[in-house]
Amino acid sequence: MSRFWPVELRSGRVGLRPLSLRDARAWKEVRARNAAWLAPWEATVPPGDTTAPRTFRGLVRDLRRQAREGRALPFAVTVDDTFAGQLTVTNIVGGSARFAQLGYWVDQRYAGRGVMPTAVAMATDYCLFEMGLHRMEVAIRPENRASLRVVEKLGFTEIGYAPRYLHIDGEWRDHRLFAITVEECPGGLLRRWRTDGDHGRQ
914 MSRFWPVELR SGRVGLRPLS LRDARAWKEV RARNAAWLAP WEATVPPGDT TAPRTFRGLV
974 RDLRRQAREG RALPFAVTVD DTFAGQLTVT NIVGGSARFA QLGYWVDQRY AGRGVMPTAV
1034 AMATDYCLFE MGLHRMEVAI RPENRASLRV VEKLGFTEIG YAPRYLHIDG EWRDHRLFAI
1094 TVEECPGGLL RRWRTDGDHG RQ
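All residue numbers for the sequence shown refer to our numbering, where the first residue is 914 and numbers rise by one.
No wet-lab data here; the hints were simulated from the structure.
Any given hint could be a false lead.
Distance ranges between label pairs, derived from CB positions [claimed, not checked]:
(1) P960 to P1099: 44 to 54 Å
(2) V920 to R1107: 14 to 24 Å
(3) R978 to G925: 24 to 34 Å
In this text, all values refer to a predicted model and were calculated from it rather than measured experimentally.
All residues carry an ideal CB built from backbone N, CA and C; glycine is no exception.
Could you build the full structure based on these sequences and the hints that come with them?
Right, dumping it as structure tokens:
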């Protein structure tokens, strides 16, 4: 899988490119400005865990290592080439499973403007049609209406409910689970979103 990274993707004003150490200033500024908005949905480190990166530099290095091993695709989300958020494909599995999980966050100033659905559609298409994966999964807190709207707009199917699934905002939180397979988006998810969605509000 490592041969599929690095890669850059673009649709209109929205771009995906490898997250870089050069993004440090923009990443920190966006997250500081959006701290209250992101906090309820932010992954946190469980008590006693010493393995998770504690700095942006450590995060990028860890994600780069996973990308080299073919286990992750760490993207910066851009709008008009300006840093706007992060989208990371993780837990990439080959063999008879051929699936991956996808997580994302975006600067609040771009929320509701079609940026994240476009980014998720691009990443999903790349994983399904270029990397040859079969299934993409997304886990979302039931209270996270903005994130739920992304998967609803793109036609992901709800497949289950996972109690205490991820450590978020200091506690183990329940999540709704969504997925889409290559058979469910013939011709590509981005093309369907561009045709049927409110993609114009990017």
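May I ask you to test the hint 14 to 24 Å on the CB atoms belonging to V920 and R1107? holds (20 Å)
Is it true that R978 and G925 lie within 24 to 34 Å of each other by Cβ? Because 32 Å falls inside the window, the suggested range holds.
Go ahead and decide if the range 44 to 54 Å is satisfied by the Cβ distance of P960 to P1099. holds (46 Å)
Comparing the model with each numbered hint stated earlier shows that all of them hold.
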